[in-house]
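Given these sequences and hints, build the entire structure.
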Amino acid sequence: GAGVSQSPSNKVTEKGKDVELRCDPISGHTALYWYRQSLGQGLEFLIYFQGNSAPDKSGLPSDRFSAERTGGSVSTLTIQRTQQEDSAVYLCASSLPDWPGDEQFFGPGTRLTVL
Amino acid sequence: QKEVEQNSGPLSVPEGAIASLNCTYSDRGSQSFFWYRQYSGKSPELIMSIYSNGDKEDGRFTAQLNKASQYVSLLIRDSQPSDSATYLCAVANYGQNFVFGPGTRLSVLP
Chain A
1 GAGVSQSPSN
11 KVTEKGKDVE
21 LRCDPISGHT
31 ALYWYRQSLG
41 QGLEFLIYFQ
51 GNSAPDKSGL
61 PSDRFSAERT
71 GGSVSTLTIQ
81 RTQQEDSAVY
91 LCASSLPDWP
101 GDEQFFGPGT
111 RLTVL
Chain B
1 QKEVEQNSGP
11 LSVPEGAIAS
21 LNCTYSDRGS
31 QSFFWYRQYS
41 GKSPELIMSI
51 YSNGDKEDGR
61 FTAQLNKASQ
71 YVSLLIRDSQ
81 PSDSATYLCA
91 VANYGQNFVF
101 GPGTRLSVLP
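As they're listed, the protein sequences go chains A and B. By the working numbering, the letter at position 87 of the first sequence is numbered 87, and the numbering carries on one by one without gaps. By the working numbering, the letter at position 15 of the second sequence is numbered 15, and the numbering carries on one by one without gaps.
Honestly, the hints are just simulated from the structure, not real lab data. It is possible that some hints are incorrect.
[Claimed, not checked] Here are the simulated distance ranges between beta carbons:
{"id": "1", "chain 1": "B", "residue 1": "5", "chain 2": "A", "residue 2": "59", "range": "46 to 56 Å"}
{"id": "2", "chain 1": "A", "residue 1": "54", "chain 2": "B", "residue 2": "107", "range": "38 to 48 Å"}
{"id": "3", "chain 1": "B", "residue 1": "42", "chain 2": "A", "residue 2": "101", "range": "30 to 40 Å"}
{"id": "4", "chain 1": "A", "residue 1": "12", "chain 2": "B", "residue 2": "75", "range": "33 to 43 Å"}
{"id": "5", "chain 1": "B", "residue 1": "2", "chain 2": "A", "residue 2": "62", "range": "17 to 27 Å"}
{"id": "6", "chain 1": "A", "residue 1": "22", "chain 2": "B", "residue 2": "42", "range": "43 to 53 Å"}
{"id": "7", "chain 1": "A", "residue 1": "7", "chain 2": "B", "residue 2": "20", "range": "35 to 45 Å"}
{"id": "8", "chain 1": "B", "residue 1": "1", "chain 2": "A", "residue 2": "108", "range": "22 to 32 Å"}
[As the list claims (entries may be wrong)] Away from chain A, derived, C-beta distances all over 12 Å, residues of chain B:
{"id": "9", "residue": "13"}
{"id": "10", "residue": "17"}
{"id": "11", "residue": "18"}
{"id": "12", "residue": "31"}
{"id": "13", "residue": "54"}
{"id": "14", "residue": "62"}
{"id": "15", "residue": "67"}
{"id": "16", "residue": "78"}
{"id": "17", "residue": "81"}
[Stated by the list, open to error] Quick look at which bits of chain B chain A covers, simulated, 3 or more residues with Cβ under 8 Å:
{"id": "18", "region": "43-49"}
{"id": "19", "region": "85-95"}
{"id": "20", "region": "100-110"}
Please read these numbers as outputs of a predicted model, since none were measured by experiment. Even glycine gets a Cβ: it sits at the ideal position worked out from N, Cα and C.
What follows is the structure in structure tokens.
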């Protein structure tokens, strides 16, 4: 079946502009995660949605970052007033609410470049 | 603060040797343990999941879990140059967020 998809694959923007990144999880996966990965660095957790529960926003680096998940499926990560330090690859992952079976599957990522 | 630790490497092994990757975690309540492989410029891909103490084998890969020691490892037998990548350890409690380690960079030398 289809995996996690993300769009756009690349985004170049100017400092101060807003950007929206989209994630389509695997069908039936109720958990959805956003991560950020700067060049040569590890995964930085941003936000986690699980079903209808309140999202875990503890990883969002500033109030310029927000995310929503509509209808329990597609998610959008929004970065307002982008800064050069926001340049990174933004990864989305999804998983089932099962145990065992809660493996995360990653999308291909969106490479964001802020000029 | 839940933590997952890994040696950053690089870990260099000759082709055909066994590569041993190690991971320790701080949360004793952790229930799910994963190894991901990430090639440069690509997203992480799942290699193994393990949920109970002991060994789990899948082809050339063996995951080992010791909950008492809060330790999980990945062995790669007959290492190939194509195994050269960064290996990420991840730990989770059911219904809670994953915690990823910083990754170990593996280099398999021809």
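Original post:
Minimum Cβ separation between residue 81 of chain B and chain A greater than 12 Å?
Top reply: It holds; residue 81 of chain B is separated from chain A by about 21 Å at its closest Cβ, greater than 12 Å.
**OP:** Could you let me know if the closest chain A CB is still more than 12 Å away from the CB of residue 31 of chain B?
**Re:** At about 7 Å from chain A, residue 31 of chain B fails to clear the 12 Å cut-off, so the statement is violated.
Original post:
How about the region 85-95 of chain B: do at least three of its residues have a C-beta closer than 8 Å to a C-beta of chain A?
Top reply: Holds, because 5 residues of the region 85-95 of chain B bring their Cβ atoms closer than 8 Å to Cβ atoms of chain A.
Subject >> Non-interface label on residue 18 of chain B, tested against every C-beta of chain A at 12 Å >> reply: holds, 25 Å
Original post:
Is 22 to 32 Å a correct range for the gap between the Cβ atoms of residue 1 of chain B and residue 108 of chain A?
Top reply: Between residue 1 of chain B and residue 108 of chain A, where Cβ atoms are some 30 Å apart, the hint holds.
Subject >> Status of residue 13 of chain B, Cβ more than 12 Å from any chain A Cβ >> reply: It holds; residue 13 of chain B is separated from chain A by about 21 Å at its closest Cβ, greater than 12 Å.
Subject >> Non-interface label on residue 54 of chain B, tested against every C-beta of chain A at 12 Å >> reply: The assertion about residue 54 of chain B holds, with a minimum of 14 Å to chain A.
Original post:
Is the nearest CB of chain A more than 12 Å from the CB of residue 17 of chain B?
Top reply: Label holds. Min Cβ-Cβ 26 Å, cutoff 12 Å.
Subject >> Coverage claim, chain A over the region 43-49 of chain B, checked by counting residues with Cβ within 8 Å (three needed) >> reply: holds (count 5)
Subject >> Range hint compliance [Cβ, residue 12 of chain A to residue 75 of chain B, 33 to 43 Å] >> reply: holds, 42 Å
Original post:
Non-interface claim for residue 67 of chain B: all C-beta distances to chain A beyond 12 Å?
Top reply: holds, 15 Å
Subject >> residue 5 of chain B paired with residue 59 of chain A, Cβ distance criterion 46 to 56 Å >> reply: Once the Cβ atoms are compared, 19 Å apart, the range 46 to 56 Å for residue 59 of chain A and residue 5 of chain B is violated.
Violated hints for the displayed structure, listed by number in ascending order: 1, 3, 6 and 12.
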